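Colleague: Here's the letter readout for the chains.
2 protein chains.
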Amino acid sequence: MPTIRSQISISLDGFVAGPDQSFDDPLGEGGERLHDWAVNSAGWRRRHGQEGGEEGPDSRVVDEGARGIGAYIMGRNMFGPPGGGEWDASWTGWWGEDPPFHVPVHVLTHHARESIEMQGGTTFHFVTDGIESALEQARAAAGEQDVLIAGGANAIQQYLAAGLLEELHLHVVPIVLGGGERLLENVGDPKLEPVEVVASPAATHVKYRVG
Amino acid sequence: MPTIRSQISISLDGFVAGPDQSFDDPLGEGGERLHDWAVNSAGWRRRHGQEGGEEGPDSRVVDEGARGIGAYIMGRNMFGPPGGGEWDASWTGWWGEDPPFHVPVHVLTHHARESIEMQGGTTFHFVTDGIESALEQARAAAGEQDVLIAGGANAIQQYLAAGLLEELHLHVVPIVLGGGERLLENVGDPKLEPVEVVASPAATHVKYRVG
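Read top to bottom, the protein sequences are chains A and B.
So the first sequence is numbered by this note's numbering: it starts at 1 and just counts up by one.
So the second sequence is numbered by this note's numbering: it starts at 1 and just counts up by one.
Treat the hints with caution; some may be incorrect.
For lysine to aspartate or glutamate, the following EDC-like pairs were computed, each having C-alpha atoms within a straight-line distance of at most 16 Å [as the list claims (entries may be wrong)]:
id, chain 1, residue 1, chain 2, residue 2
1, A, K191, B, E193
2, B, K191, B, E167
3, A, K191, B, E167
4, A, K207, A, E144
5, B, K191, B, E166
6, B, K207, B, E193
7, A, K207, A, D63
8, A, K207, A, E64
9, B, K191, A, D13
10, A, K207, A, E196
11, B, K191, A, D36
Calculated Cβ distances over 12 Å to all of chain A for the following chain B residues [as the list claims (entries may be wrong)]:
id, residue
12, S11
13, D13
14, G28
15, V103
16, E114
17, G188
18, E193
Since the hints were derived computationally from the structure, they do not count as laboratory data.
If you're wondering where the values come from, they're calculated on a predicted model, not measured in any experiment.
We put the beta carbon where it would ideally sit given N, CA and C, even for glycine.
Required output: the full structure, derived from the provided sequences and hints.
Modeller: Here's what the structure looks like:
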């Protein structure tokens, strides 16, 4: 069965980005440390055409998390550019000509825009009529595969609060950021059940079934 | 080697007590849910003279966590009564005549008070000259055994921020409290390394070595 799922790296004090996010520092101060566990893994490097990296539990988590995704949904803030507002037609995301998605990506926004077909199979669609509509479109695009709510925090919060998220995979990184963007606020009191835990020195990966 | 350690149940959104703590509701709204994993375990029930409870990983975590403690340190708020201030001599803690510590307990306070010898080996000592003095006294009392920083959040924060805590065992409970008392704030940027993870449906137990 296709699953509506999300996966995100989170500090021990609950932040998915550090303080003072900006164009030059999109993950905020210290926020890159949240992704060291992934970036240092062999699985991540293979997917990004690089060599090396560590095999082991973190690498297996990267590989498993990337498998079987038929469509993505992301918030406007994740797509960028920082600041939001009306579109600058030259902005096609942070990821260059060949973004690492390779399937349809549905961007939640208040500003209509024509779809953009990128190289490598990624097409960005812009959805202005809400999260349920975006999910419907993503489900149709994904077919038998999963829909990944890619982020940021606000998009995940909305799907979690609406009872539409079915699985949340948290990569808990043993750092304290002290400020930034929190994941688990304004989400009500969801029923969460840990169904899989994978441990490494770099992160504790806990998969929660929701609802 | 004796270890200076702490162990505490924490919600997925980072709270160790719910909102609106009061005399009738010392863990705040919803805060008792943080301890269900322990209270439902056979290990906890045995320690409290009760029968039944579930064997399994949670019970083993309770048993292991209770072992080898030679002295406790706790904050004034944990000892009570709520509100703080000058002592009411009739207040001897929340735990009745035979508290479940059975070793010396050092209470951090701004108000001097004579030690109180309870039944079963628990003696409460009141320390007014700071966390380092309390630790020195607790270490001396504990001998070859561990010192447990019992809580609440503020006491743990102080020892963590001062670089005096050596091990932090978090029992991460899959609930979202939405408010209350946060553990990991005002602690700086401690170096934390996960050294042991035990998983159950009721909690994910992660032991961090500090520093």
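Colleague: Which of the stated hints cannot be reconciled with the structure, identified by number in ascending sequence?
Modeller: 1, 3, 4, 12, 13, 17, 18
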